[in-house]
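So the sequence lines, in the order shown, correspond to chains R and X.
Be aware that the first sequence starts at 8, since it is given in our numbering, and climbs by one per residue.
Be aware that the second sequence starts at 8, since it is given in our numbering, and climbs by one per residue.
Hints are not guaranteed to be accurate.
Since copy identity is lost for identical chains, a pair holds within one copy or between any two.
Said to hold, decoys possible - Heads up, simulated SDA-like pairs for lysine to any residue below, C-alpha to C-alpha not over 25 Å straight-line:
1. Lys81 x His52
2. Lys228 x His292
3. Lys81 x Ile407
4. Lys13 x Gly397
5. Lys13 x Leu394
6. Lys59 x Arg295
7. Lys228 x Val249
8. Lys13 x Asp99
Simulated from the structure, these hints should not be mistaken for laboratory data.
The primary structure of each chain is shown beneath.
2 protein chains.
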Amino acid sequence: MMGVLKGMRVVEGSAFVAIPLAGMTLAQMGADVIRFDRLEGGLDHHRWPVTKDGQSLFWAGLNKGKRSIAIDMKHPRGRELITQIICAPGPDAGLFLTNLRVRGWMDHETLSTHRPDLVMVTLLGDRHGRPAVDYTVNPAVGFPDATGPEGSADPVAHVLPAWDCIAGNMAVTGLLAAERHRLRTGQGQSVEIALKDVAAAMLGNLGIIGEVAVNGVDRPKNGNALYGAYGQDFVCADGERVMVIGLTDRQWRGLVEVTNTGAAIAALEAELGTSLADEGARWLHRARITAILAPWFAANRVAEFGAAFDKAGVTWSLFRSFARALDEDPDFSSANPIFAQIDQPGIGSYPVPGSPFAFSAAGREPPAPAPLLGQHTEEILADVAGLPGGEIARLFDEGIVRGA
Amino acid sequence: MMGVLKGMRVVEGSAFVAIPLAGMTLAQMGADVIRFDRLEGGLDHHRWPVTKDGQSLFWAGLNKGKRSIAIDMKHPRGRELITQIICAPGPDAGLFLTNLRVRGWMDHETLSTHRPDLVMVTLLGDRHGRPAVDYTVNPAVGFPDATGPEGSADPVAHVLPAWDCIAGNMAVTGLLAAERHRLRTGQGQSVEIALKDVAAAMLGNLGIIGEVAVNGVDRPKNGNALYGAYGQDFVCADGERVMVIGLTDRQWRGLVEVTNTGAAIAALEAELGTSLADEGARWLHRARITAILAPWFAANRVAEFGAAFDKAGVTWSLFRSFARALDEDPDFSSANPIFAQIDQPGIGSYPVPGSPFAFSAAGREPPAPAPLLGQHTEEILADVAGLPGGEIARLFDEGIVRGA
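Bound-form chain R, shown alone (with noise of 0.2 Å):
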């Protein structure tokens, strides 16, 4: 590894999405990332999307880049070791990262009597500890009720797990943040983060709660309206359904131009009395403007004004489904150098991202394949504990730990 983390060491003890995907995103970036699991693999060992032989794609695609132990938790002596591997001298180690949440030996006291500077970062659902999943934070916080066609009264729950996706990055800010802390003052800590309140914090961020709080206003379903601005789907006349954003003056300015509305728009501006070069405006009257746009998306197809909307600078997307993107989309190809094809042990041979990032200084990592559970139990024991040998062998044939 040649990331710009490299030398760090982080431990991770974990199931699911956050932080899963907070030490893959260090291990892209060069960190060595130990995770551990029993020995019959953790809770999301198994999780689907699967493949026909019942491997797990999800798996593969969280711990990319990871070093994997099985270890027997329920045994004192593969607690003593994972306590070990946790708490492993040298300056760049001593960081954990968790949502197992385990009390007792486990816990950042416990730990932290065997490295005073162990910086450990816990997930918990909501701040009391109690469990809660993005399915459920979500309705909670209230998106699904603002979520959907206008008018209609059913939640719609997001797909993509965006808060587990949101607190997983955090998880690795508060990880950075307290080792940086760490390395000025000698200080560990334990740095602790809710699901919960990640949402319930974004809710303020974007001025919902002001909204709610300051104007008396409980934000309806606006359809796929781009909130507070212009942005709109419509159906063209090859039965594509396309995104176009007018938010910046530019955006507008090139919508109104590429589709010939600009007559019909300075006439709907002169009957309302107002200009739609304010954004506020446009969001108002966002009902007049699509009436005035439909039908000429209606008559045209995105084959023929594609191009144009691109040189008039409009922002617009095709809406697509997964498979269609992936078809279509360059993006997601080796063209792409976040990209690349490579084997996954047990799965096959598919396009696998890395890290997003580009760092000057410190090259692009290409994707490393996810490890089976228990790769690299002997290499961990050996290089992190400090075995010896024949009391690898032991552990082995005792069953506290188990390889690939």
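Position chain X relative to chain R; hints supplied.
Below, chain X alone, put in the same frame as chain R:
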């Protein structure tokens, strides 16, 4: 500021969600974050939601705890001053976050002639540098086509700008990782990340690329079901809608137990010849499971079963609107240590979130209001650019800078 990043100085040239969120995240961890804007404010200065007086709740939400300088970027002296502020000396300064992509005087090559160890993080639209926003990236990669009621042909866009929120947090990670590298090597660098690449990579991370490329499956809409295991929304006797999760063994057993559906589930298992203890089997047969559970929810009220669900370890949530969430949930009040009721000048007093992180060695920063545009112009010119009072006065007189 007493936060974990105390002493760090970051300069931000930005608009909209991702980079303002990145700067705010750093400010809420104690960094001195200076946002510069043109004299009339950036593209997001009046972004909706706005108050009845036209004050932006969006600006207030995403710029909390920063300092603001308003400056004429078309004037050569304005450009010089911004360069001086970005490249000001100090081992913990020289950190620049941007999505403005100004070529020439504000690109990494030019700025680093003034401070060779500058760390500059740039968020692009796509990897070619073309504009892209959350609202176009999302349909391009496929999520709206997979969102919404089963069988519907209409795409549903998410309302949370999830890609912006993820990319903003990744920008923080990129900055901290590059600053760590600089501390060890003395070397600055340019860090680039594209919004669309963030989304494309996540499609791979979550196993969706593998699902298409290896399994040949283009995931259809699955309503509000939790993908890959069991989780479903139900309407209850009191008209409430709840999301109920049976992802882990414990959640699933708890759900069957409290709803007293053990016999019916066992009969279903016998009929299918499969164990629903397997999460993949629960996913495949989710419609049958839902048919067993739905009558129970339709006959019971949340007030009656909520406590039993909690006791049995079932993970569940109500669906609520934004306003109802704020009204009912103490997690949005100062009962939650991340929130405080604070006065935002020009807007008034309302509940505002600070950082969702709890750093044990640094304490919690109370949330701070967002600056007014240009509120810190004078002090930044004095403290950071090091200008004498007479020169600062001339800059105000000549209209090259302005205050709040």
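Comparing the hints with the structure gives:
Taking identical chains as interchangeable, the C-alpha atoms of Lys81 and His52 lie at most 25 Å apart only when both belong to the same chain, with a minimum of 18 Å there against 56 Å between chains. Taking the closest pair of Cα atoms, Lys228 and His292 come within 25 Å of each other only inside a single copy of the chain (16 Å); across copies the shortest separation is 31 Å, beyond that limit. Taking identical chains as interchangeable, the C-alpha atoms of Lys81 and Ile407 lie at most 25 Å apart only when both belong to the same chain, with a minimum of 9 Å there against 67 Å between chains. In this homomeric assembly, Lys13 and Gly397 never come within 25 Å of each other (Cα to Cα): the closest approach is 31 Å inside a single copy and 48 Å across copies.
Taking the shortest alpha-carbon separations for Lys13 and Leu394, only the intra-copy value of 24 Å comes in at or below 25 Å, while the best inter-copy value is 40 Å. In this homomeric assembly, Lys59 and Arg295 come within 25 Å of each other (Cα to Cα) only across copies, at 22 Å, whereas the closest approach inside a single copy is 50 Å. In this homomeric assembly, Lys228 and Val249 come within 25 Å of each other (Cα to Cα) both inside a single copy, at 20 Å, and across copies, at 19 Å. In this homomeric assembly, Lys13 and Asp99 come within 25 Å of each other (Cα to Cα) both inside a single copy, at 10 Å, and across copies, at 21 Å.
In this structure, the one hint that does not hold is number 4.
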